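Protein chains: 6
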Amino acid sequence: MSLLKLGVPKGSLQEATLDLFSRAGWKIALSSRSYVPSIDDSEIECLMVRAQEMARYVESGALDAGITGHDWVVETGSAVEEFAELIYAKQRLARVRWVLAVPEDSPIREPRDLEGKVIATEVVRITESYLARHGVKARVEFSWGATEVKVPQLADAIVEVTETGSSLRANRLRIVDTVLESATVFIMNRAAAADSWKRQKAENVVLMLQGAIAAASKVGLMLNVRREHLAGVIEALPALKNPTISTLSDPDWVAVNTIIEEAVVRQILPKLKAAQAQGIVEYPLNKIVL
Amino acid sequence: MSLLKLGVPKGSLQEATLDLFSRAGWKIALSSRSYVPSIDDSEIECLMVRAQEMARYVESGALDAGITGHDWVVETGSAVEEFAELIYAKQRLARVRWVLAVPEDSPIREPRDLEGKVIATEVVRITESYLARHGVKARVEFSWGATEVKVPQLADAIVEVTETGSSLRANRLRIVDTVLESATVFIMNRAAAADSWKRQKAENVVLMLQGAIAAASKVGLMLNVRREHLAGVIEALPALKNPTISTLSDPDWVAVNTIIEEAVVRQILPKLKAAQAQGIVEYPLNKIVL
Amino acid sequence: MSLLKLGVPKGSLQEATLDLFSRAGWKIALSSRSYVPSIDDSEIECLMVRAQEMARYVESGALDAGITGHDWVVETGSAVEEFAELIYAKQRLARVRWVLAVPEDSPIREPRDLEGKVIATEVVRITESYLARHGVKARVEFSWGATEVKVPQLADAIVEVTETGSSLRANRLRIVDTVLESATVFIMNRAAAADSWKRQKAENVVLMLQGAIAAASKVGLMLNVRREHLAGVIEALPALKNPTISTLSDPDWVAVNTIIEEAVVRQILPKLKAAQAQGIVEYPLNKIVL
Amino acid sequence: MSLLKLGVPKGSLQEATLDLFSRAGWKIALSSRSYVPSIDDSEIECLMVRAQEMARYVESGALDAGITGHDWVVETGSAVEEFAELIYAKQRLARVRWVLAVPEDSPIREPRDLEGKVIATEVVRITESYLARHGVKARVEFSWGATEVKVPQLADAIVEVTETGSSLRANRLRIVDTVLESATVFIMNRAAAADSWKRQKAENVVLMLQGAIAAASKVGLMLNVRREHLAGVIEALPALKNPTISTLSDPDWVAVNTIIEEAVVRQILPKLKAAQAQGIVEYPLNKIVL
Amino acid sequence: MSLLKLGVPKGSLQEATLDLFSRAGWKIALSSRSYVPSIDDSEIECLMVRAQEMARYVESGALDAGITGHDWVVETGSAVEEFAELIYAKQRLARVRWVLAVPEDSPIREPRDLEGKVIATEVVRITESYLARHGVKARVEFSWGATEVKVPQLADAIVEVTETGSSLRANRLRIVDTVLESATVFIMNRAAAADSWKRQKAENVVLMLQGAIAAASKVGLMLNVRREHLAGVIEALPALKNPTISTLSDPDWVAVNTIIEEAVVRQILPKLKAAQAQGIVEYPLNKIVL
Amino acid sequence: MSLLKLGVPKGSLQEATLDLFSRAGWKIALSSRSYVPSIDDSEIECLMVRAQEMARYVESGALDAGITGHDWVVETGSAVEEFAELIYAKQRLARVRWVLAVPEDSPIREPRDLEGKVIATEVVRITESYLARHGVKARVEFSWGATEVKVPQLADAIVEVTETGSSLRANRLRIVDTVLESATVFIMNRAAAADSWKRQKAENVVLMLQGAIAAASKVGLMLNVRREHLAGVIEALPALKNPTISTLSDPDWVAVNTIIEEAVVRQILPKLKAAQAQGIVEYPLNKIVL
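Protein chains in written order, with the working numbering: chain A, 14 to 303; chain B, 14 to 303; chain C, 14 to 303; chain D, 14 to 303; chain E, 14 to 303; chain F, 14 to 303.
Excised from the complex, chain A in its bound form (with noise of 0.2 Å):
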């Protein structure tokens, strides 16, 4: 039978990807004697990768293809194609950011600033193609991970990986600048990407995640209102997606449907009301294929 390697990333990305493999319909469970995962999936088989070696695993062709972020393959340098972009990370459905921090009371205040410096870092090779882009020379050294606590005594600066920035600003950091943005990323092996069966295995796993994602910031949303008022209502919505609009067996009435953006519910539900929208139900959803 066809199958497809495909690696998952282990550590701070992993438990966020076990969840959204599970809201994407399949059950990958974890084994404390093994760390090679049991799939309820004949045709792909599971590997705990760390991210950052991921991409190497990929490109050697060990693995068909792999969820890591894309930072890592360009640290890594790897030769893979990045199929898709999953836009999720550890805490939130967002991407990160790579960034050069300094102690708050730093006299850092720009990249130039760097000139001879120690900075410190878990991507050494972005940073150093970084200070390249502004011309600046410092010295960059690879850190195991607690970069933060390396400021001021270890290092003058730091290039970090962020999400909302709070990690930072308790440790009394202040960014300077964004080396680099990232999201997670699918990423296939060339000569994989290249075989039609793994090629189309592939799309329709990433078509059920990109699914679960979208599902996660968004809900549905129905209502009924008479036809009188129906013009008003439609206006109240978001102007992105035609509302799914249904007849009754009351002809003077009909019913809406449509998907919405969570976080703007709030917004929206008073002026539905105004627009004398009735029985407005918010429900939530799994998997959304616009």
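Worth double-checking, as some hints may not be accurate.
What the hints assert, rightly or not - Dumping the calculated DSSO-like pairs for lysine-lysine here, alpha-carbon to alpha-carbon at most 30 Å:
1) D:Lys-40 <-> F:Lys-231
2) D:Lys-231 <-> E:Lys-18
3) A:Lys-286 <-> B:Lys-284
4) A:Lys-40 <-> C:Lys-18
5) E:Lys-284 <-> F:Lys-18
6) A:Lys-103 <-> C:Lys-231
7) C:Lys-18 <-> B:Lys-284
8) D:Lys-40 <-> E:Lys-40
9) D:Lys-286 <-> E:Lys-40
Stated by the list, open to error - Below, a sample of chain C positions facing chain B; criterion: calculated Cβ distance under 10 Å:
10) Ala-37
11) Trp-39
12) Met-221
13) Arg-239
14) Leu-243
15) Asn-270
16) Ile-272
17) Pro-297
18) Val-302
As the list claims (entries may be wrong) - Simulated DEER-style distance windows between Cβ atoms:
19) B:Ser-55 <-> F:Ser-35: 27 to 35 Å
20) A:Ser-51 <-> F:Ser-142: 49 to 57 Å
21) F:Ser-142 <-> A:Phe-155: 15 to 23 Å
22) C:Ile-188 <-> B:Ala-287: 40 to 48 Å
23) C:Arg-146 <-> F:Ala-107: 53 to 61 Å
24) A:Thr-191 <-> B:Ser-51: 41 to 49 Å
25) D:Arg-182 <-> F:Ser-35: 49 to 57 Å
26) B:Ser-230 <-> E:Arg-152: 38 to 46 Å
27) B:Trp-210 <-> C:Leu-106: 51 to 59 Å
28) F:Lys-40 <-> A:Thr-191: 38 to 46 Å
Just so you know, the hints here were simulated from the structure itself, not pulled from any lab data.
Everything numeric in this text was worked out from a predicted model, so none of it was measured.
Every residue, glycine too, gets a C-beta built ideally from N, C-alpha and C.
Once you've looked at the hints, dock chains B, C, D, E and F against the given chain A.
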């Protein structure tokens, strides 16, 4: 920009309140480093305040609005506007009661048996007013908590809050009388309530909170039925609200969609089946504005 | 008032059972102070009873009905009515198997190799009946639990229950044969089953439990499609059940709403998209009565 | 090499037993992957066995020795040598009791009130023998556990084990009679007990276990005293054992060192102070062999 | 029998107090079912009482004695006998301080800057007395807890208790002044203190508690030394207390045994080694009565 | 004031190290808000640093001293002084080994079988040097952790650290060879080691740490014996160290006090009893400097 300063109750109501805001569409993030939570709405500034102190700070204008118990508004005698009831408590979507309770084997059977006794309570003022109404003289002592432990060694009776009575029963206490019924309330400073922007903002927040409260005890029910059996199905449904009846492409059938209390589903479903409803599906809701 | 005395299984099935009742619409609250839980239905009285003892107490009439495994009905030889199957177990919505297992390197390959051996098991009667069927004589010893540890030091083989086989594999045991398949069953005392009120009440409870079990593995799917593509969309859906097709206010389009197994969504969704379905939304369900 | 096959009780005694071995000088390491623990003594091989089954396997010779309750030796009627008592139980260094218990408000007051009743218990044989001694006929039903829940709904009385009685009181049960007192025992297979190496090894293990048990309830006490006050100090100490009196370089003083029950320290210390003892120090002990 | 009714502080001091009693030789067992703990001394009856309320109940005679903070005796103005200091707090064996604190960037620098300001505190009476001593008029508001959150939004300054100041620093507060130093105290009702049995019992309890407190920060040190080096060794030891010097069977050597603060061991040990001490051993202590 | 800048290993050694410092007499308090712990010694400033990076920062002078593994000193090739060995690891007071391991069923049996293979490891430099010693050419890939998962899918062999081998066995790996033995070491910057104050301070710290390590595996033993049996008792004790023999006020008896390995107590105690020793008491120790 306009800003609503909103007090969120710290302590026993805290978890239920943050959960309610989350379902209503606002993420409030507590920080381990500060008691000033962040909220994802630039028009609101939150402050965690004990329910007992909320009304005092809303009265003084330190806060524009706050969520607390009606009991604490009464106890502190604060001059605030009780803007809306939000029927939820620590464990349940229901009112709470302050009750007069005594040990199971106490001779105290009615309020006048309290004459000359010692009563421990967190609500001294409410208790004294209750005693005055009954023309009884007794010593009321302020209790810092764990009031149930005080009888019979340290007090003859207590006035204590209860949701279900189970904690009282576990302490082998008997309820003599209800002193005060109380619900959670959304209160406003009187000047803030007279400011149209603040009032409108508060109304929108309350609309969403009530929508989430309403949804928590209700579910959606949809089913298909032949037109000839529709009347029987309608009869099986609670009379309160007309269901939505949609036309299907097969003109002999209609679809029925309605919202009902989750607690009655187990009574309704067998009746719907008996009435020839088909494809009966119960689904969860996030919010309801009827 | 009429009352159904219902035994709820204590122990390994307990958590799954309480969760199932919760989804079916009954809150059963265990108290740390008592083994008699409260239930929010005045027509039911619950008692926590070990699955192994359930059939005995239902047979004697101490309970009107109970939930236990078919295996324990067989093992105890109790004369009760197996009223309905409820296909769920500790970890999964599935049957369990009692299997004959031996150490991976044991010479035992088939039932007759057991001649003269020692077998440890919790189900002595079932095992003896199995041996009799195969015309084999062996010593069957009652095991109080942790039966897997008994081979090879204390027994030559075991008869043990398994859901997925993973615990047996972890103990390096090999399955030789299936001794008994078993599902969770709702059993009734024969006299109670002949009482029309009790039987009706039991039927309603079972209807709701099965509705919740059915919903747990299924999801709702709704989508819009142009009439001209409807046939293709219908073809992409599982053949089992007709979907609900509703008319929209735009006569060129229809909405399709259907219930499918969650496990097949990942196969169906790509096909639906290929068949020109639009606005495909998957949503969760609480209960299904088809 | 010679080897003692030793059964360690799995279940309720397990934690206390492993802790006791640790204090006695043996590290027994349970593995999550196997029920055969490792022990840091090449002359011992351990096996985790339920206390209820221990005597049976020691009798058959599958084990040379084991630790279990005297109760289970009696219940299983196994022919083994009860080599030594080890006075410890799940929570305390004390014997346990199997008691006949009934609901607080039961009319059963003495054994003969059991005539014709149903008794639930884990120790059917012990209970039947107790009833025979009292010339009472009653039905004894095997209980798989949670026996306290069985009265009054499923049984009239229970025979249950208790250390302190607190679990019975919490279930509102009243103790009618003690059926059997039991301590933990170190048992040996009779052939193994006749083997001089195995017997010697068992004696050494028991010596260390008893040394650790003895130390757990005792402490060391040392103090200095002028020779003229020595008699008074000696008198304040428990009479049981002569204290060690050492000479100091200052000939007017002596040092007194003794071992006493921790429970009496709070009575002795004030008396020692009154008797002019100085520099009184209480220190912890690991093992005692007096 | 005579009985000492003893209040044990519930809440922040509770864990440290129960631990102290355990080391002092009394087991106090909290029950989840009652706030009246059991204690293994038939001459004592315990009651869990909040530290804030302790003095009031000792004053009224509901309790003979209790453990609370000196601060709460002052705050409640209760007429009780402060029988003995027990120098321990929630985290440490030390006094606590009530301090006047303000936000780091507040203009308030000294007490008189408080004129006309709002101060939040749990100790209204202590704070008002402090203000009176400084001739300052300010509004003191009772705070139900989480007082640190109140500045700057709800109050200008706070009076709050601190052990190490770390919670204040974490909230970016600056200490302006110490308002009151306080230690844990053992208090007695005046009539009870005049009862010779109760007074004697209380003295014995205090002796043991202080013995356990003293031991917690000290260790035993023993070593051997040639007589010719004894003087040097003695000199290296803290001067406070004469060590015990015992004669050995080898007349050229003596053994030295002494009790010292654990905190100075790391300074003393290198000196002892330099002074030719041999076989230096540090051992733990349970109690000390010097 | 003079100050020793000391690196404490963050990560797998962290817990064991903080525990060791605590037993040695220093409290190091980690703050959740900072990676710079506080230590109760004004002459030391601590910094949490990963073991892998420690030697680099000690070499550069950012730290005066640090605790890390000998392995990481070798791997990083840092020029530091290995001041003292501290024989403890994550789980045990023992050395660790970096071993070459392969899947149980791998054909690789000895180093030269690695020719042309892929080896995954965290210690690339140590592995390359090992291969060079054996004249073997293989590709060594840096592994970010979870190295055991890499065989056989991602690598042919691994070089991994192990204390007891149990993690390797659990992953069904076979050890082919030991690549490097390593203990925890206290390292110093060369300039700091030449500073007499810093060197003296470091020596004192090491003395205490080693004293605590020595005590952890040893216990004190004291006993009384009649002079006529003293020789027999002495003979039963380990020969290593002379016990302390003190004279008692009863001239016929002596007291013997000695320190022995806890692991041999179970062999010694039966012999001491046979040799007529009385009142044998084993007691715990905090620190030993022999």
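We went through each hint and held it up to the structure:
Restraint check for D:Lys-40 and F:Lys-231: the C-alpha separation of about 15 Å stays at or below 30 Å, so the hint holds. Distance hint between D:Lys-231 and E:Lys-18 is fulfilled; the C-alpha atoms sit about 28 Å from each other, no more than 30 Å. Simply put, A:Lys-286 and B:Lys-284 have alpha-carbon atoms about 33 Å apart, too far for the 30 Å limit, and the pair is violated. With a C-alpha separation of about 38 Å, the suggested pair A:Lys-40 and C:Lys-18 falls outside the 30 Å cut-off, and the hint is violated.
Under the criterion of a C-alpha separation no larger than 30 Å, the hint pairing E:Lys-284 with F:Lys-18 is consistent with the structure, at around 23 Å. The straight-line distance between the Cα atoms of A:Lys-103 and C:Lys-231 is roughly 28 Å, inside the 30 Å bound, and the hint therefore holds. Between C:Lys-18 and B:Lys-284, the direct Cα distance comes to roughly 23 Å. Compliance with the 30 Å bound is thereby established for this hinted pair. This hinted pair checks out: D:Lys-40 and E:Lys-40 have alpha carbons roughly 29 Å apart, not beyond 30 Å.
Straight-line distance between C-alpha atoms of D:Lys-286 and E:Lys-40 comes to about 23 Å, which keeps the hinted pair within the 30 Å bound. The beta carbon of C:Ala-37 comes within 7 Å of a beta carbon in chain B, closer than 10 Å, and the hint placing it at the interface holds. At about 7 Å, the closest approach between the beta carbon of C:Trp-39 and any beta carbon in chain B falls short of 10 Å, and the interface hint on this residue holds. For C:Met-221, the shortest C-beta to C-beta distance to chain B is roughly 5 Å, which falls under 10 Å, so the interface hint holds.
Against a cut-off of 10 Å between C-beta atoms, the interface hint on C:Arg-239 is violated, since the closest Cβ of chain B lies about 13 Å away. At about 8 Å, the closest approach between the beta carbon of C:Leu-243 and any beta carbon in chain B falls short of 10 Å, and the interface hint on this residue holds. Among the interface hints, the one on C:Asn-270 holds; its C-beta lies about 8 Å from the nearest C-beta in chain B, closer than the 10 Å criterion. Taking 10 Å as the C-beta cut-off, the interface hint given for C:Ile-272 holds, the closest approach to chain B being about 6 Å.
Hint status for C:Pro-297: holds, given a least beta-carbon distance of 6 Å to chain B, under 10 Å. At a threshold of 10 Å, the smallest CB-CB gap from C:Val-302 to chain B is about 4 Å, leaving the interface hint in force. Taking 27 to 35 Å as the suggested C-beta distance range, the pair B:Ser-55 and F:Ser-35 does not conform, at roughly 47 Å. For the pair A:Ser-51 and F:Ser-142, the beta carbons lie near 39 Å from each other, so the given range of 49 to 57 Å is not met.
At about 20 Å, the CB distance of F:Ser-142 to A:Phe-155 agrees with the hint of 15 to 23 Å. Remark: the range hint 40 to 48 Å for C:Ile-188 to B:Ala-287 is upheld by a beta-carbon distance near 45 Å. Checked against the hint of 53 to 61 Å, the C-beta distance between C:Arg-146 and F:Ala-107 comes to roughly 56 Å, which is consistent with it. For the pair A:Thr-191 and B:Ser-51, the supplied restraint of 41 to 49 Å is violated, since their beta-carbon distance comes to about 22 Å.
Distance hint for D:Arg-182 and F:Ser-35: a CB-CB separation of about 41 Å, inconsistent with the stated range 49 to 57 Å. As the Cβ distance of B:Ser-230 to E:Arg-152 is approximately 44 Å, the hint placing it in 38 to 46 Å holds. For B:Trp-210 and C:Leu-106, the hinted distance range of 51 to 59 Å is satisfied, since their beta carbons lie about 53 Å from each other. The beta-carbon spacing between F:Lys-40 and A:Thr-191, approximately 41 Å, falls within the hinted interval of 38 to 46 Å.
In terms of the numbered hints stated before, the structure departs from hints 3, 4, 13, 19, 20, 24, 25, listed from lowest to highest.
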